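Undergrad: Below, each chain spelled out in residue letters.
There are 4 protein chains.
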Amino acid sequence: MLQGYTVPLSPRGEANIASAPPWHYAGDVIGVEFWTEPEAAEATLPEGLTPDPDTSGRVVALYFDWQFSGDHDEYLDPVRSQYHEFFVLVDAHLKGEPVSWCPYIYVDNDHALARGWVQGFPKKMGAVHQTRVFASPGKAAPTLSQGARFGASMSSGERTLAEARVTLEQPMSDPSPLLSRDTINLRYFPRLSVGQYDRPVVHELVRMIAEDQQVADVWSGAGEITFFPAVGEELADLAPVRMGMGFRMSMSYTVTEVREAR
Amino acid sequence: MLQGYTVPLSPRGEANIASAPPWHYAGDVIGVEFWTEPEAAEATLPEGLTPDPDTSGRVVALYFDWQFSGDHDEYLDPVRSQYHEFFVLVDAHLKGEPVSWCPYIYVDNDHALARGWVQGFPKKMGAVHQTRVFASPGKAAPTLSQGARFGASMSSGERTLAEARVTLEQPMSDPSPLLSRDTINLRYFPRLSVGQYDRPVVHELVRMIAEDQQVADVWSGAGEITFFPAVGEELADLAPVRMGMGFRMSMSYTVTEVREAR
Amino acid sequence: MLQGYTVPLSPRGEANIASAPPWHYAGDVIGVEFWTEPEAAEATLPEGLTPDPDTSGRVVALYFDWQFSGDHDEYLDPVRSQYHEFFVLVDAHLKGEPVSWCPYIYVDNDHALARGWVQGFPKKMGAVHQTRVFASPGKAAPTLSQGARFGASMSSGERTLAEARVTLEQPMSDPSPLLSRDTINLRYFPRLSVGQYDRPVVHELVRMIAEDQQVADVWSGAGEITFFPAVGEELADLAPVRMGMGFRMSMSYTVTEVREAR
Amino acid sequence: MLQGYTVPLSPRGEANIASAPPWHYAGDVIGVEFWTEPEAAEATLPEGLTPDPDTSGRVVALYFDWQFSGDHDEYLDPVRSQYHEFFVLVDAHLKGEPVSWCPYIYVDNDHALARGWVQGFPKKMGAVHQTRVFASPGKAAPTLSQGARFGASMSSGERTLAEARVTLEQPMSDPSPLLSRDTINLRYFPRLSVGQYDRPVVHELVRMIAEDQQVADVWSGAGEITFFPAVGEELADLAPVRMGMGFRMSMSYTVTEVREAR
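As you go down the protein sequences, you meet chains F, H, U and W in turn.
Here the UniProt record's numbering is used: the first residue of the first sequence is 1, the next is one more, and so on.
Here the UniProt record's numbering is used: the first residue of the second sequence is 1, the next is one more, and so on.
Here the UniProt record's numbering is used: the first residue of the third sequence is 1, the next is one more, and so on.
Here the UniProt record's numbering is used: the first residue of the fourth sequence is 1, the next is one more, and so on.
Pulled out of the complex, with its shape left as it was, chain F reads as follows:
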């Protein structure tokens, strides 16, 4: 009897690209809030989501340095457990509820890509980098203080797609505005039968559930981000027309499920 949560199923159940939850995450995030043309944001929404009438065109871009673990200290294997992630979240409504929708997301780790697909995140591989802080910064690193600057970039397929800069202004005592919207994802798996390429066997909107979510060292400030067009990519269609807040924080949470989006 083969074992495993994802492929490859195997005799001992160790070879699967993603083992069954719980999935624990800890990381640092640099984010930039911006507005794109409302019609550009709305064009990315799947059936079942509608524009947020109050904030249509609002997008948050996020760069994460992540460390993953299951329940068996997988963080001790940093090759497989660490990765970098970039994604954008578009404001939307789910039956009147303000939510976020993730049209594009990139990671540099195939295990994270597989977990993402199962959660409904449409992950592709990309190279993602952000400036880090260290306990002994010297002249090579910013500190968490007013005026500190952070750079971030993302490329995929050898094309630069996004570059960002955040300058810290003050600690953010209440980060709830950054965390208030649930993220709605699309679990999707296509058919491979002639004439049925557009009739996926799995096509379900789900609500991403982050348990035990904690944040620390939350700072807000100024942000800017630039997208670069490339063949095979549509991220740059969300070109910013106005910048909002920049921010940086540390975050952790656990995933065990998604729920039907209703």
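Read the hints as simulated data drawn from the structure, not as lab findings.
No false leads were slipped in.
Here's a subset of chain F near chain U, in silico, CB distances under 7 Å, partners left out:
id, residue
1, Ala127
2, Ser155
3, Glu158
4, Thr160
Listed next, the in silico SDA-like pairs over lysine to any residue satisfying Cα-Cα at most 20 Å (straight line):
id, chain 1, residue 1, chain 2, residue 2
5, F, Lys95, F, Pro38
6, H, Lys139, U, Val215
7, F, Lys95, F, Arg262
8, W, Lys139, F, Thr254
9, F, Lys139, W, Asp73
10, F, Lys139, W, Met208
11, F, Lys95, F, Ser56
12, U, Lys95, U, Glu47
13, H, Lys95, H, Met208
14, U, Lys139, H, Val255
15, U, Lys139, H, Asp71
16, U, Lys139, F, Val194
17, F, Lys139, W, Thr256
18, U, Lys95, U, Asp54
19, H, Lys95, H, Pro46
20, H, Lys139, W, Val194
21, U, Lys95, U, Pro51
22, W, Lys95, W, Glu47
Please read these numbers as outputs of a predicted model, since none were measured by experiment.
Each residue gets a CB set at the ideal place from its N, CA and C atoms; glycine is no exception.
Given chain F, put chains H, U and W in place with the hints provided.
TA: Then chains H, U and W, alone, in the frame of chain F:
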């Protein structure tokens, strides 16, 4: 209306990690046939496949240098269209029909990984390399001639998993023994609901269909391959106990579908 | 007594990043000839070289898929022996002799980078890709025939720097125009002493020597190339103002030395 | 007049793989002290260094997550400025002075490789990873506390070469025992002339100078490390026979020079 064959679905349908077929492939392959313990091979078979009573334990390991294209000259973008692949095929029976089963497969390109998952190939990311031939070989490359030697290796997650060596002996006028078995795959997509991790929403055996398959420059000879154990991998459980033939050839085919395995 | 040709010197002499010559190379090359503004080309010339009065501004850009070997069948270890290379050659004069000068060159292999530095090639790391041909091309690969098209690209530090396209027109019976100029390199090693950063301990123009050079399957045709500016790069300062010939061929040679450039 | 500290020299002086000092560094380090057979350690020493009679065979292995900057906020470009490094330091004597010697070192960034060569560090490319801490650790990251565990690994050329584990026991109020020895390096640049491969043009022992060195969050504890043999590598010849201390800290310093080793 969002477009695309796979995620991410998008307004223009260009961002998807894998666009709809046809999928055209051309490549060079180095292969090693070997026998493992029959019970090791049989332990990898999914429900629906049974051991081949005549050849149980026979495995073929394959290293491919691939170039992909759709119908729009995608081979002109070598960053996305080229990749390297390693996989093993285990002899099995499908209701009495001799077939192949692919328990483990590794690629270095996320687009190939996505197409593989849709076909039911359980792809993970890996680094795969094989010795190449050139029209002007000098002293740095073998030629397609008796005694020519080829090396190949595969690693994943920074661990070396497989190393092979093939020495050519003679052209193979009839390569059909290498191509006679259909490959049976498992299309699979899990649920992400507590208590239902072992109840996938997609779990279907399919027959891989290679259209317009052509081969060229087929040589057979001696082969050897070694697997190395690693945490999170089970390939080495298929450790060879006896080597069979080594071979090298060029191959092309087109994929537009899989069919129900019956 | 430590052994080795380059660092790291070691007890057994096996750990060095580049072992002593002979260095054998075989590869496929896609090239594009173009003209940039003469002053842009001339600005890259080191002391000792002067503009070629007949062809100032002429540049050849080259994408190579290489396989390396020493005298011990190192091509059987494709991980270390294969690499991809991009460089530009600028027409110049050495005391009246028409020569080539290589201002910028990128590879994806540290052993190749080390050999390059010793030869005087100013190598940096980059990702380099070109369309390949296969003996069984199907619809995923061009053949060596009139109208065949090849794409190529290069990026470094996650920034796309160069994209090229070559369309074959006819076999080139006499490739000597492509090979007639010797390449002049600058061997260079700086001091790391305050006040002496601009007083290198090694600064010598040398002539690159390619022994036993052979070419095969030489085709000429149309070429185009585009450079993209990026922080930390000056390749795009050689922006093409007029295209020349495109070409593709296979090449092999051996390196055992450089000679004083005089 | 061409500009630049290292190759490529260029018209604007921006393209060089390493610009002139100052070079500022900040990072996190996981270290394991161990003893190998004295003769194995002594075999790595260059002419000019002798075994330390009190500690011959003592080695410290270090895994660094680094961020680099020059004087122009280069840390805002994390693609180029961040890298990971592994190296071993062997106890030795320089004319009776206790010093460290670095026989083997690996990084994943070509700019760091180039700066290393200029300093006399014999860098090769490798993939290096270590467990990280985050301000919001959750269940995916250790904290700096008793019993916290860290994993680390290094591979080069797709071969795993070193794996380590450190468990924290207590803060280390006086880290000077870890920092007391100067590191002696060998600046080296070979000739490429037949018959003179063993007569380098640069061959000089130098003392590495770390200015403004600061450490923070220094913890000591238990450590273990394993080396794996591979073709083309000699690190495993330093196989541990006894483990010493494990430790973790943050560190920053600046480099502007090396000094003659005397």
